[in-house]
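For the sequence shown, our numbering assigns the number 267 to the initial residue and increments by one for each residue that follows.
Just to be clear, a hint being listed does not mean it is correct.
[Claimed, not checked] Mimicking DSS-like on lysine-lysine, the simulated pairs with C-alpha atoms at most 25 Å apart in a straight line are: (1) K281 to K315; (2) K396 to K308; (3) K281 to K308; (4) K295 to K396; (5) K281 to K295; (6) K396 to K315; (7) K315 to K290; (8) K315 to K295; (9) K295 to K308.
Think of the hints as simulated: they come from the structure by calculation, not from any bench.
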Amino acid sequence: MEVIFVDDCSTDNSKYIISEYSRKYDNVKGIYLNENSGYGGKPRNIGLKYASGEYIMFLDSDDYYLPNACELLYDRISSEEMDFVSGNFAIDNIDNVVRWNHINIEDEIKIKRIFEKPSLFVLSPAIWSKIYR
267 MEVIFVDDCS
277 TDNSKYIISE
287 YSRKYDNVKG
297 IYLNENSGYG
307 GKPRNIGLKY
317 ASGEYIMFLD
327 SDDYYLPNAC
337 ELLYDRISSE
347 EMDFVSGNFA
357 IDNIDNVVRW
367 NHINIEDEIK
377 IKRIFEKPSL
387 FVLSPAIWSK
397 IYR
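Generate coordinates for the entire structure from the input sequences, incorporating the hints supplied.
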């Protein structure tokens, strides 16, 4: 697994943490922007340019994965030669924390081409609950 952190000029300790992970792990890359882009799309696109894997997932600083989330999505997308898999998630109203939930087989939708089912992109606007080829 390749991990790419794109620091969008954060004002916390992110740059140091990213550099420590990059130093410690060969599969971790840190990219540091010179100015804040103001939105998540630009850092994601920059990260895509540096990605070398077959699949991509996104996670913003305020998002959360359970420990097996990447494995669950990867297993599903790679086992069926899919281009896109979307998982479920829930927001815990008690502490307003997002909790990951895996894909239920009953909820699975298989299509050959993305334009056959454009409504998939309006089911959940959360980019981090998906894996893409």
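Structure-based check of all given hints:
1. K281 to K315: Status holds; Cα separation ~20 Å.
2. K396 to K308: Answer holds: K396 to K308 is near 18 Å, not above 25 Å.
3. K281 to K308: holds (18 Å)
4. K295 to K396: Holds: K295 and K396 sit about 21 Å apart, inside 25 Å.
5. K281 to K295: holds (12 Å)
6. K396 to K315: holds (19 Å)
7. K315 to K290: holds (23 Å)
8. K315 to K295: Given pair K315, K295 holds - Cα atoms ~12 Å apart, limit 25 Å.
9. K295 to K308: Since the Cα atoms of K295 and K308 sit roughly 17 Å apart, the hinted pair holds (cutoff 25 Å).
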